[in-house]
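S.K.: Sequence:
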Amino acid sequence: FEGGLAPVFVPVHFLVPTPVVSKVVNKTIDVPARGVTKRPYRCEDIKKIYLCRRAKQLLDLTCLGWGGSYCVPADKPKCSDYTKETLCNKAIWYGKPCAWTPFGCAR
27 FEGGLAPVFV
37 PVHFLVPTPV
47 VSKVVNKTID
57 VPARGVTKRP
67 YRCEDIKKIY
77 LCRRAKQLLD
87 LTCLGWGGSY
97 CVPADKPKCS
107 DYTKETLCNK
117 AIWYGKPCAW
127 TPFGCAR
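The end of the sequence shown is residue 133 by the working numbering, with every number in the run present.
Hint data in this document are derived by calculation from the structure and do not stem from the laboratory. For every residue, glycine included, the Cβ atom is placed at its ideal position computed from N, Cα and C. Incorrect hints may appear among the rest.
Claimed, not checked - Ranges of calculated distance between the beta carbons of each label pair, as one might list FRET restraints:
1) A132 with K64: 30 to 38 angstroms
2) Y120 with R80: 14 to 22 angstroms
3) K104 with I75: 54 to 62 angstroms
4) T88 with K64: 15 to 23 angstroms
5) I75 with P37: 16 to 24 angstroms
6) P128 with K64: 34 to 42 angstroms
7) Y120 with D71: 18 to 26 angstroms
8) I75 with G130: 16 to 24 angstroms
9) I75 with I118: 14 to 22 angstroms
What the hints assert, rightly or not - With a Cα cut of at most 20 angstroms, we get these calculated DMTMM-like pairs of lysine to aspartate or glutamate:
10) K82 with E70
11) K122 with D86
12) K116 with D86
The task is simple: from the sequences and hints, build the whole structure.
M.R.: The following block contains the structure:
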């Protein structure tokens, strides 16, 4: 370089995108269900909140909603169907005057 300083190269650290190969193999294992898996025919037979919320679309069952342990039937709901305090106190929205007690949900 004429009449001046020579250029100085300063190393700069930077990341180069490189593919990373995972050693984990994603495999699904089909595990048979315990016993005979059957379609629920009553709201009380539904024990999963996801299925309870979609009971009308998936199973053609008319249920009020989740009671805390199982789905509450729309035809004859009882206060004892509600096993959580917040759900019990909201049962009035469905026409059931229920209140939470130390023994559970009662009228």
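S.K.: Are the hints correct? Go through all of them and say.
M.R.: Do the hints match the structure? See the list:
1. A132 with K64: 30 to 38 angstroms: holds, 32 angstroms
2. Y120 with R80: 14 to 22 angstroms: Cβ of Y120 to Cβ of R80: about 18 angstroms, so the range 14 to 22 angstroms holds.
3. K104 with I75: 54 to 62 angstroms: violated, 19 angstroms
4. T88 with K64: 15 to 23 angstroms: holds, 20 angstroms
5. I75 with P37: 16 to 24 angstroms: violated, 57 angstroms
6. P128 with K64: 34 to 42 angstroms: holds, 36 angstroms
7. Y120 with D71: 18 to 26 angstroms: With Cβ atoms ~20 angstroms apart, the hint holds.
8. I75 with G130: 16 to 24 angstroms: holds, 19 angstroms
9. I75 with I118: 14 to 22 angstroms: Given range 14 to 22 angstroms: holds, Cβ gap about 21 angstroms.
10. K82 with E70: Given pair K82, E70 holds - Cα atoms ~14 angstroms apart, limit 20 angstroms.
11. K122 with D86: violated, 23 angstroms
12. K116 with D86: violated, 25 angstroms
Comparing the model with each earlier hint shows violations of hints 3, 5, 11 and 12; every other hint is respected.
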